[in-house]
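Undergrad: From just these sequences and the hints, can you work out the full model?
Here the protein sequences line up with chains A and L, keeping their order. Going by numbering that gives the first Met the number 0, the first residue of the first sequence is number 0, and it counts up by one from there. Going by numbering that gives the first Met the number 0, the first residue of the second sequence is number 0, and it counts up by one from there.
Just so you know, the hints here were simulated from the structure itself, not pulled from any lab data. There may be inaccurate statements among the hints.
Said to hold, decoys possible - Going by beta-carbon spacing under 7 Å, a handful of chain L positions derived as facing chain A: (1) F20; (2) A21; (3) W73; (4) C135; (5) T184; (6) Q187; (7) T286; (8) Q338.
To be verified - Okay, the calculated beta carbon distance ranges per label pair: (9) Q51(A) with R306(L): 42 to 52 Å; (10) R150(L) with A280(A): 52 to 62 Å; (11) M120(A) with R336(L): 19 to 29 Å; (12) S144(A) with P31(L): 49 to 59 Å; (13) D31(A) with P75(L): 41 to 51 Å; (14) R272(A) with P31(L): 21 to 31 Å; (15) R145(A) with T335(L): 37 to 47 Å; (16) G41(L) with N205(A): 42 to 52 Å; (17) G205(L) with D2(A): 38 to 48 Å; (18) P235(A) with V38(L): 23 to 33 Å; (19) Q51(A) with Q187(L): 48 to 58 Å; (20) V124(L) with Q27(A): 39 to 49 Å; (21) D133(L) with R40(A): 49 to 59 Å.
Every residue, glycine too, gets a C-beta built ideally from N, C-alpha and C.
Next come the chains, spelled out residue by residue.
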Amino acid sequence: MPDIVGEAVDKLILLEIKNRGMPFGILQPLYDAARQAAGGRPLTMLAAEALQRTLHRGDTVFVLTGAGYGPTMPKGESDGPPGAAALARMLYRGLGAVPVFVCEACHVDPIVAASEAGGLMVKPFVQARDRRLGAALAVAPTEQSRVKDWVASIYAEMRPKAVISTERLGPGANGIIHTATALPLQGPDSQFDPCIDISAVVDRANADGIFSIGIGDHGNELGFGTIYDAVVRTMPKGDRMATVTRTDLVVPAMMSNWGCYGIEACLAFLLQRPDLMHTPASEERILRACLNAGGLEAMFCTTDFAVDGLDGETSMACVQILHNIVRKNLEPADAGLTH
Amino acid sequence: MPIDEIVGDALDRAVSIEMRFAVGLPRGVTTPLYDAARVAAGGSMSFRAAQALQQRVRRGDHVLVVTGAGAAPWLPKGETDGPLGAAALARALEIGLGAKPILLGEHRNLPSTIAATEAAGLVVVDEATFKQRDGCALALPLPLGVEPGQRIAEELFQRFAPSCVAFVEKAGPNEKGVFHSILGTGRQPDLMANAHFLAELAAQRGALSIGIGDGGNEIGCGAILEAVQQVQPFGRKCICPCGAGVAAVTRCDHLIFASTSNWGAYAVAAALAGLLERPDALHDAETEHRMLLASLAGGAMDGAYARLVPYVDGTNAATQASIITLLHQIVSNGLTRYQRGF
Numbered sequence: 000m001p002d003i004v005g006e007a008v009d010k011l012i013l014l015e016i017k018n019r020g021m022p023f024g025i026l027q028p029l030y031d032a033a034r035q036a037a038g039g040r041p042l043t044m045l046a047a048e049a050l051q052r053t054l055h056r057g058d059t060v061f062v063l064t065g066a067g068y069g070p071t072m073p074k075g076e077s078d079g080p081p082g083a084a085a086l087a088r089m090l091y092r093g094l095g096a097v098p099v100f101v102c103e104a105c106h107v108d109p110i111v112a113a114s115e116a117g118g119l120m121v122k123p124f125v126q127a128r129d130r131r132l133g134a135a136l137a138v139a140p141t142e143q144s145r146v147k148d149w150v151a152s153i154y155a156e157m158r159p160k161a162v163i164s165t166e167r168l169g170p171g172a173n174g175i176i177h178t179a180t181a182l183p184l185q186g187p188d189s190q191f192d193p194c195i196d197i198s199a200v201v202d203r204a205n206a207d208g209i210f211s212i213g214i215g216d217h218g219n220e221l222g223f224g225t226i227y228d229a230v231v232r233t234m235p236k237g238d239r240m241a242t243v244t245r246t247d248l249v250v251p252a253m254m255s256n257w258g259c260y261g262i263e264a265c266l267a268f269l270l271q272r273p274d275l276m277h278t279p280a281s282e283e284r285i286l287r288a289c290l291n292a293g294g295l296e297a298m299f300c301t302t303d304f305a306v307d308g309l310d311g312e313t314s315m316a317c318v319q320i321l322h323n324i325v326r327k328n329l330e331p332a333d334a335g336l337t338h
Numbered sequence: 000m001p002i003d004e005i006v007g008d009a010l011d012r013a014v015s016i017e018m019r020f021a022v023g024l025p026r027g028v029t030t031p032l033y034d035a036a037r038v039a040a041g042g043s044m045s046f047r048a049a050q051a052l053q054q055r056v057r058r059g060d061h062v063l064v065v066t067g068a069g070a071a072p073w074l075p076k077g078e079t080d081g082p083l084g085a086a087a088l089a090r091a092l093e094i095g096l097g098a099k100p101i102l103l104g105e106h107r108n109l110p111s112t113i114a115a116t117e118a119a120g121l122v123v124v125d126e127a128t129f130k131q132r133d134g135c136a137l138a139l140p141l142p143l144g145v146e147p148g149q150r151i152a153e154e155l156f157q158r159f160a161p162s163c164v165a166f167v168e169k170a171g172p173n174e175k176g177v178f179h180s181i182l183g184t185g186r187q188p189d190l191m192a193n194a195h196f197l198a199e200l201a202a203q204r205g206a207l208s209i210g211i212g213d214g215g216n217e218i219g220c221g222a223i224l225e226a227v228q229q230v231q232p233f234g235r236k237c238i239c240p241c242g243a244g245v246a247a248v249t250r251c252d253h254l255i256f257a258s259t260s261n262w263g264a265y266a267v268a269a270a271l272a273g274l275l276e277r278p279d280a281l282h283d284a285e286t287e288h289r290m291l292l293a294s295l296a297g298g299a300m301d302g303a304y305a306r307l308v309p310y311v312d313g314t315n316a317a318t319q320a321s322i323i324t325l326l327h328q329i330v331s332n333g334l335t336r337y338q339r340g341f
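TA: This is the structure we're talking about:
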């Protein structure tokens, strides 16, 4: 039965709805490769099952996010924080986990705004861990040279049992992070504000055997190194933009937010707790909070109610349909009207 | 530039996401049947149907839109799946192509179909008015039974010479001529409009035929007969005395297989909107809500709950509106070519 739900969820979050000026016809090949690499079952359900297996009450889970840099999007974009917030809340409410948003300093505002708009408060780590008051933050240093020590320190302090990355960019084969259209975000040719590479957080999880998930929509996001060849084959300038950083599971989606929502929905199904899913109304609150805090839509780089060129209403519709998939699949035919 | 087939595939996929009860109705069937229908179509189902409509339906042509599922005692005035799809398709053909839609269904199904069509903004008028003006539709009852079904098909083709016949959630007979619910119960032909004769005549007279279904017991699903027999629990063997299974044998030029037939019709309207670069040929989410409430007022019930509630095949009103929102976004972004500068 989980696979019937997983198939429906995967199909929904994989609908390719981008404007035709962006790379197109890419999602299915990326998905096929990711699904094959994972053994053939629906990816969102696999991710949810693994998280349910791995995370127990009080366990820390790292949630990496944050993409977009000045001058276009100085505090990042509206794809990333909303998904991270919604999934983190489900892990907190559904599994009792302690989510820690791992990000760069420039991306903190929209992440905190999205999370708190969705009903997950952001607290100092000790309060989140010991008093279960919500999520916490682990903010990367602004000098690349200090990242290695920082990674060691957050692992020592927070001891994550799982690492999830959504819409968080990873380095390509040449060691440099690129945009989806293969523009360099680091090095002398970058035309953007400084970008810190935090892929070492994922590398450490892989080295320690800590379960990891990478969610993305183009193939330059952390985790897609697992299907590197498919990204290179599928994406325009794939050999430049594709990341080499791998995760145990890769979940491609129309936008990374939707990938998170899909995993959130599958967890709600497994826990039989559809009431824990965020609603279309809270989706609107989360998106607006993210936008207002500077996490801009990434087509025109504005506070317009949109994500990756899709209207906010479309993300609300996606959330509504996810609710419906989960609730129907938990509903006996003779239960009467339950939603 | 109009949409292409990649966009059509996204439309097809958006309307074939399965959302079924945990128990009761067949589950896990939509994906394999969608896959079979996609193979049979050789491309995007909604896109190819819309392309054919664009090529073959001329301004002023009559088009027959046939719907109506369910029967007494559970669904005495039909169900909400069917009338809304028929209304949306009639509206799209009228707005997009200037066609003159004629809605057809059993007498018991017409009130909800007419109500949904009018809520979609297309007034349903008498035949004299229908001949005089544009922007309206005609609705006619289909008689029950085999011979009356044959006669009315001939008569309708003679009177209206339609260039297209479309079937939305319209039950078709199996190889023994018996109609079935998806749960394998039989319905004798004299309880049903035998609308499949319209599909047969369309093939003979060179009219385009389109079938839209969500189970495999509907007109048009003959194109995936073997898959339905394999996949549906009662596909090969039903529980009625005929024993020949629920799979419908009637084929159409185009089959659109969806998780709810209404949504399949919306996908065709969306594809037509994209091909014509006229997004308004697909109704909007607010109109969808009005159509649903109107069809209820006309007596249509949700087919899964068999109750007079604003649901379609067990999914709520907000979900219908969300499907429309998705389809509109697929079309609008499919028509947009914006290259950001980074």
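Undergrad: Could you say whether the range 23 to 33 Å given as a hint is met by the Cβ separation of P235(A) and V38(L)?
TA: holds (29 Å)
Undergrad: Go ahead and decide if the range 19 to 29 Å is satisfied by the Cβ distance of M120(A) to R336(L).
TA: violated (42 Å)
Undergrad: Using 7 Å as the Cβ threshold, decide whether W73(L) counts as touching chain A.
TA: violated (13 Å)
Undergrad: Verify the CB-CB distance for G41(L) and N205(A) against the hinted window 42 to 52 Å.
TA: Check passed, 43 Å falls within 42 to 52 Å.
Undergrad: Take a look at whether the Cβ-Cβ distance between R272(A) and P31(L) falls inside 21 to 31 Å.
TA: With Cβ atoms ~29 Å apart, the hint holds.
Undergrad: Look at the Cβ atoms of G205(L) and D2(A) and judge whether their distance stays inside 38 to 48 Å.
TA: holds (44 Å)
Undergrad: Could you see if the CB distance from Q51(A) to Q187(L) stays within 48 to 58 Å?
TA: For Q187(L) against Q51(A), whose Cβ atoms are near 50 Å apart, the range 48 to 58 Å holds.
Undergrad: Is the shortest C-beta separation between C135(L) and chain A less than 7 Å?
TA: violated (31 Å)
Undergrad: Between R145(A) and T335(L), does the beta-carbon spacing fit 37 to 47 Å?
TA: Because 43 Å falls inside the window, the suggested range holds.
Undergrad: Does the hinted range 49 to 59 Å hold for D133(L) and R40(A) at CB?
TA: holds (53 Å)
Undergrad: Is 52 to 62 Å respected by the C-beta to C-beta distance linking R150(L) and A280(A)?
TA: Check passed, 54 Å falls within 52 to 62 Å.
Undergrad: Hint check: is the beta carbon of Q187(L) less than 7 Å from a beta carbon of chain A?
TA: violated (26 Å)
Consistency with the previously given hints fails for numbers 3, 4, 5, 6, 7, 9 and 11, ordered from lowest to highest.
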